[in-house]
Amino acid sequence: MTGRRSIGINEEKRDAMSLVTGQAVFTDDISLDNMLHIKMMYSPYPHALIEEIDTSKAEAYPGVAMVLTNKNTPRVIHTTAGQGWPEPSPYDSYMFNGKMRFVGDRVAAVAADSEEAACEALKLIDVKYKILPAVLDAHDAMKENAPVIHDEPEITGAYDPKRNIAAKIEMKVGDVGEEFKKSAYTVEDTISTQYMQITPIEPHVTITCLDEYGRIVIRTSTQVPFHVRRIVAQVLEIPVKNVRVIKPRTGGGFGTKQEIILEDVCAYVTLKTGRPARAICSRKEELMSTRTRHPMEITVKIGADRGGIVNAVSMHVLSNTGAYGSHGLTVASNTGSKSLPLYNKAKAIEYMADIVYTNLPVSGANRGYGAPQAYAALEQVTDELAYKMGMDPVEFRRKNHIREGETSPVFKALGEGKEGVEQIIRSCAMDELLDRGAKEIGWHEKHGEHIRNGSKVRGIGMAMLMQGSAIAMVDMGAATLKMNEDGSFNLLYGGTDLGTGLDTVASQIVAETLGVRPEDIIVYASDTDLTPFDVGAYASSGLYISGSAAWKAAMSVREQIIDVAKEMLGEIDGKDFVLEGGRVISRSSGKSLSLSEIACNSLYVDNLHQIIASASMVSPYSPPPFAAHFAEIEVDEETGIIKPIKYVAAMDCGQAINPELVKGQVYGAVSEGLGYALTEEYIFDKSGKMLNGSFADYKIFSARDMPEIVPILAETYEPTGPYGAKSAAEININGPAPAIANALYDALGIRIKDFPLTPEKVLREIKRKR
Amino acid sequence: MEAVYRINGKEKRFDISPGDRLLDVLKDNGYMEVKGDCYEGLCGACTVLIDNIPYASCMVPAAGVCGAKITTVKGLGDITNPHLIQQAFVKYGAVQCGYCTPGQILSAYALLLRDPDPSEEDIRMALDGNLCRCSGYAQQVAAVKMAAEMMREAENDDRA
Amino acid sequence: MRISGIEECYRPDTLEEALRILHAHEGEAAVVGGGLGIAAANDDNVKALIFLDGIGLKDITENGNEVRIGSRVPLNELIHSGTAKNYMGGQLTGVLKGVSTELIRNQMTIGGALIPDRRFSDIATALLAARADVVIFGENGQSRISLDDFYGRFEAVKGAIIKGICLNKDYSSYNFGMERFVRTATDSPLVNIAIMFKTEGNVIRDVSIAAGCGKSPTERFGEGEDFLRGRSLDEKTAGEFSAYVEQNLNASDDYRISGEYRRHLAGVFAGRILRRAGVKDGSGL
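Sequences listed follow chains D, C and V, in order.
Numbered according to the working numbering, the first sequence terminates at residue 770, and the numbering increases by one at each position without gaps.
Numbered according to the working numbering, the second sequence terminates at residue 160, and the numbering increases by one at each position without gaps.
Numbered according to the working numbering, the third sequence terminates at residue 285, and the numbering increases by one at each position without gaps.
Keep in mind that the hints were calculated from the coordinates and are not lab data.
Backbone N, C-alpha and C fix where the C-beta goes; we use that ideal spot for every residue, glycine too.
Heads up, a few of these hints could be off.
[Stated by the list, open to error] No more than 30 Å apart at the CA atoms, straight line, and that leaves these computed lysine-lysine pairs for DSS-like:
{"hint": "1", "chain 1": "D", "residue 1": "K456", "chain 2": "V", "residue 2": "K236"}
{"hint": "2", "chain 1": "V", "residue 1": "K236", "chain 2": "D", "residue 2": "K646"}
{"hint": "3", "chain 1": "D", "residue 1": "K767", "chain 2": "D", "residue 2": "K162"}
{"hint": "4", "chain 1": "V", "residue 1": "K236", "chain 2": "D", "residue 2": "K643"}
{"hint": "5", "chain 1": "D", "residue 1": "K123", "chain 2": "C", "residue 2": "K27"}
{"hint": "6", "chain 1": "C", "residue 1": "K27", "chain 2": "D", "residue 2": "K646"}
{"hint": "7", "chain 1": "V", "residue 1": "K158", "chain 2": "D", "residue 2": "K643"}
{"hint": "8", "chain 1": "C", "residue 1": "K12", "chain 2": "D", "residue 2": "K284"}
{"hint": "9", "chain 1": "D", "residue 1": "K168", "chain 2": "D", "residue 2": "K272"}
{"hint": "10", "chain 1": "D", "residue 1": "K767", "chain 2": "V", "residue 2": "K198"}
{"hint": "11", "chain 1": "V", "residue 1": "K169", "chain 2": "D", "residue 2": "K643"}
{"hint": "12", "chain 1": "C", "residue 1": "K27", "chain 2": "D", "residue 2": "K272"}
{"hint": "13", "chain 1": "D", "residue 1": "K456", "chain 2": "V", "residue 2": "K58"}
{"hint": "14", "chain 1": "D", "residue 1": "K439", "chain 2": "C", "residue 2": "K27"}
{"hint": "15", "chain 1": "V", "residue 1": "K158", "chain 2": "D", "residue 2": "K761"}
[To be verified] Partial list, computed: chain V residues near chain C (C-beta under 7 Å):
{"hint": "16", "residue": "I3"}
{"hint": "17", "residue": "E8"}
{"hint": "18", "residue": "L36"}
{"hint": "19", "residue": "V157"}
{"hint": "20", "residue": "K215"}
[Said to hold, decoys possible] From chain V, some residues computed to sit far from chain C (all C-beta separations above 12 Å):
{"hint": "21", "residue": "I6"}
{"hint": "22", "residue": "R11"}
{"hint": "23", "residue": "A40"}
{"hint": "24", "residue": "N42"}
{"hint": "25", "residue": "D53"}
{"hint": "26", "residue": "K97"}
{"hint": "27", "residue": "E102"}
{"hint": "28", "residue": "D170"}
{"hint": "29", "residue": "A185"}
{"hint": "30", "residue": "D187"}
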């Protein structure tokens, strides 16, 4: 392999021009003839049985084709979680449930000729509810005599539904009790995180239709086309072969679209009426009735010896999975598995989690997948420990973090729904990250200085982070690469680009392997009929798995190209052939051929065959990216308002295949993390109804709210990753919550134990401290 | 009722309902480059220019802007001939999922029309109605700054 | 989806015509200035829209001793208008610069911002503190009342059409400041307070205070005005006034922030407005 031509280059994002000119076609950008519009009716009660439901008036409304309720839709219990089969989430949902389990649960739906008709018809549906006592707090879920949320006999895969426990995790390595006795210093604290949602600006939207063969075609804004296909087939009780799922351009997902939300309903309407069907969520429906991040209460206890080396860690989690259990077990597994290995010097580690049902919105997948919650707690408690020991927080991290060549028992002990896989760290630049990050923020000049300007005080905080690159032995992606007569290639793969730039990066990887330009790779993705399988865009698996699959296919195609070149050049040994600049060059003879000559020869002239290869990628490795984040804030003592001033995100993601795209991931994840830390939360009334289901009161950062963000990329080479790369997609969302909380402590000596750190809470704590 | 608009330089006659939002009329008539989301004027995905001023088209009653000059992102340039702002967004990594992008570009265009040399603060103020989840806004602000420079240079070249 | 229930649209040429249509529909018609109010409310009861763009009401003019702002002037035009920027040395337009988003600043009209709608309004608070008069056109023709009066008699005047507001140049030399609390930069204010006052030899002689803290969109804080009148503009007054506001301002409680916190913020802001004015006067605060 010759020097790098496409790796590490800021190649233009291949869909960028199409997006800036408004050409790109998103799910809702097409309109089909005779299309039905679906509107949903939602439960006003947190816990209620549907005793009677009269849809006759709605059905009679002009333009209405169909009214769906639990009475006339398939009775197949399933999970809505977009995960590999068999899904590690309880089967606890029906398309339409007979029991409503949260304010926002789906009661019924109307499919009509227009949105207006559907909305009017919804008002004509009469429902008689039997209101049941509700569980509105995770602490109440497991109490004796708590109302049972999932009492349906068909439920499977839940740990103990009679006690509202959707899942339970217990991991013990060594004996933390004994180890803590030996600690010179211990700190224990409990941090709570809130209901929130990373809101993609494009809402959930699905359009289904029948193709000319009577198969159901689902166009949907999704992260998981193949899981959609399987689960829709399951729910509709039709064979998978009768379903095709296409992911068009998608306006962000962030985990909320790792779920089957609208697809089954649309597909069923199409199946029953023969007509295309469209459903789209309003912003309120997005927030209330799709998927949120799991709120967690996390108690961390950490102990260290006299030298400041951690000797024991325990993490106990109460996770609120809301009314249905999707992703409940796996998110909570990740909370432990993506944080605890960082402190691998611990001789004893304990991780326990109870994932409980409540009559509140449904938690699912959200970027970070349990890790943001973990770090919100862990990196505050480690900070507290550092202060208790009189040690500089950065120094404390430096002494304790996992290093190259090392492992942690947590990797194997804590998988996602099943046992994990042992990992050895093969690339880790944490020391460099700590150094460069600390320098950039001005750690030594500013930390502990409480620089004051009137009532405003500055503080600096930091957090040390890791994540993973796909789920070892679970995430699989495949790719097919075929060659065209002009020396270009079609890459067909299941990689699911949500705007992240995965298609661009995949084309860079293939281009590097074949000695061509990324523009010579035509990428087509995420169509279950035409592209090979891929689990989808989650777990930071895009580059590592989907990209690697493309690489493997390219390596195979490379061999085929060399074979043809050998024949054409009459050389026996292909070992000295290199692919460069669109040509195959024999180093021994100096002769060369263009790729176009090779393709034409094999397509039309001699030894006729299509140069094509398919490859699958599943990895026993999930190499963690690492990061060190540093936040500078200014907090106003009189108002409690925290203003982030500067944020440094130093990250090691192995080789950055496209540094500009990587930086985009850093900026985006940090901005989402800042919202998580400071402004984003679901506010409920006493009946569990979300009050702030709109951007008017669910506050996400605008362009004017952003601090200066400085991404720092430290390059390492991950031998198990494509061209040395690791993931970058999720890790940076883990940093802001603890870094800002630690900065607040530096500024004012206060810690607020529940997120978000709103001004009112900060002020209350300031007053309390006085 | 009938309504006439001048969209991207072309006169268009549509049959609209009195309560239609401008966003509805545009989407019903094939202007899919205008995105819709919150229907509260708070996300900016539906931004269009009316007489070169950016508005959230979901909040504009269509019946009230009959005869107006409306510009969508397609009115600025296309793939074969993109506007300098569109080129800058592509060049400076300012596009991720692209859903907020048409709105951002129009807001940037309106800014640069009235201020050819905006400060970073001016740019953030002009883009503050276009919410983005993917990007943290950093690359977009940089792209607008570069677009301003590119446009000033092009203006100087034209004059030279 | 379209604004539901709208059946008819009108575009009258005169205010008289507009008012006639408004009353003919007996509560089922609404006047459209910029459109934000209608689009946001999505009120099923409104069946007819009356567009005012044929009537103008978009001028900003100086007439003798006052500045007149048409009710349909959008906020961005006000902020950038030379005439408005000259008023009170730019203190009024200055506090409105960062309100909401660029898209809303382009569409939100001065008249529309005055209507109570459950939230607080920076424009209403600023204008109330600036003692603006509002010109309305109602059943008895055109009349001009103080904004204070407009809110005081709102039930009686709400059927009228707002023509514009007038700012008196007598206040040009006054100090004016407004502070607000927002969760993100483009948020609607959760609380705001504006103070306009004049000092003579460092004594506060004339003062008006408005706050968006209790009732939408804003209220006068008469007791606060009584407190400040006759006091010296100094640190002691600023501190005591801050406490007074915190204890006495009418504040509503809602799920966003508590009334207690609102009052506290209003108090902090009130002190800051005074101090900033004091520093400017060189009175040594």
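Results of checking the hints against the structure:
In summary, the hint linking K456 (chain D) to K236 (chain V) is supported, as the alpha carbons are separated by about 21 Å, within the 30 Å threshold. Under the criterion of a C-alpha separation no larger than 30 Å, the hint pairing K236 (chain V) with K646 (chain D) is inconsistent with the structure, at around 36 Å. With a C-alpha separation of about 43 Å, the suggested pairing of K767 (chain D) with K162 (chain D) is violated against the 30 Å cut-off. Straight-line distance between C-alpha atoms of K236 (chain V) and K643 (chain D) comes to about 29 Å, which keeps the hinted pair within the 30 Å bound.
Proposed proximity of K123 (chain D) and K27 (chain C) is supported: the alpha carbons are some 26 Å apart, at most 30 Å. At most 30 Å may separate the alpha-carbon atoms for a hinted pair to count; K27 (chain C) and K646 (chain D) exceed this at roughly 40 Å. Pair hint K158 (chain V) plus K643 (chain D) does not hold up; C-alpha atoms about 40 Å apart against a cutoff of 30 Å. Restraint check for K12 (chain C) and K284 (chain D): the C-alpha separation of about 33 Å exceeds 30 Å, so the hint is violated.
Our distance criterion of 30 Å between C-alpha atoms is broken by K168 (chain D) and K272 (chain D), whose separation comes to about 40 Å. A distance of roughly 34 Å separates the Cα atoms of K767 (chain D) and K198 (chain V); the hinted pair therefore is violated under the 30 Å criterion. Of the supplied pair hints, the one linking K169 (chain V) and K643 (chain D) is violated, its CA atoms being roughly 37 Å apart against a limit of 30 Å. At most 30 Å may separate the alpha-carbon atoms for a hinted pair to count; K27 (chain C) and K272 (chain D) meet this at roughly 28 Å.
Of the pairs offered as hints, the one joining K456 (chain D) and K58 (chain V) is violated, with about 42 Å between alpha carbons and a cut-off of 30 Å exceeded. As the CA atoms of K439 (chain D) and K27 (chain C) are separated by approximately 51 Å, the hinted pair breaks the 30 Å bound. Simply put, K158 (chain V) and K761 (chain D) have alpha-carbon atoms about 39 Å apart, too far for the 30 Å limit, and the pair is violated. Hint status for I3 (chain V): holds, given a least beta-carbon distance of 4 Å to chain C, under 7 Å.
Residue-level restraint check for E8 (chain V) holds (minimum Cβ-Cβ distance to chain C is 6 Å; threshold 7 Å). Contact between L36 (chain V) and chain C, as hinted, is supported at the beta carbon level, the nearest pair being about 6 Å apart and thus within 7 Å. Proximity of V157 (chain V) to chain C is violated relative to the hint, the smallest CB-CB distance being about 24 Å (cut-off 7 Å). Interface restraint check for K215 (chain V): the shortest CB-CB distance to chain C comes to about 23 Å, outside 7 Å, so the restraint is violated.
With a least beta-carbon separation of about 3 Å from chain C, I6 (chain V) fails to lie farther than 12 Å from that chain, contradicting its non-interface assignment. Look at R11 (chain V): its CB is around 8 Å from the nearest CB on chain C, not clear of 12 Å, so calling it non-interface is violated. Taking the minimum C-beta to C-beta distance to chain C, about 7 Å, the non-interface status of A40 (chain V) is violated against the 12 Å cut. Against chain C, the non-interface label of N42 (chain V) is violated: not every CB pair exceeds 12 Å, the least being about 9 Å.
D53 (chain V), annotated as away from the interface, has a beta carbon of chain C within 12 Å; the closest lies near 6 Å. Against chain C, the non-interface label of K97 (chain V) is violated: not every CB pair exceeds 12 Å, the least being about 8 Å. Not every CB of chain C lies more than 12 Å from the CB of E102 (chain V), the least distance being 5 Å, so the non-interface label is violated. Interface exclusion of D170 (chain V) from chain C stands, the closest Cβ pair being 32 Å apart, more than 12 Å.
Listed as a non-interface residue, A185 (chain V) fails to keep its Cβ farther than 12 Å from every Cβ of chain C; the least gap is roughly 6 Å. Once the 12 Å rule is applied to beta carbons, D187 (chain V) is inconsistent with being away from chain C; the minimum gap is 10 Å.
Hint check: violations occur at hints 2, 3, 6, 7, 8, 9, 10, 11, 13, 14, 15, 19, 20, 21, 22, 23, 24, 25, 26, 27, 29, 30; the rest are consistent with the structure.
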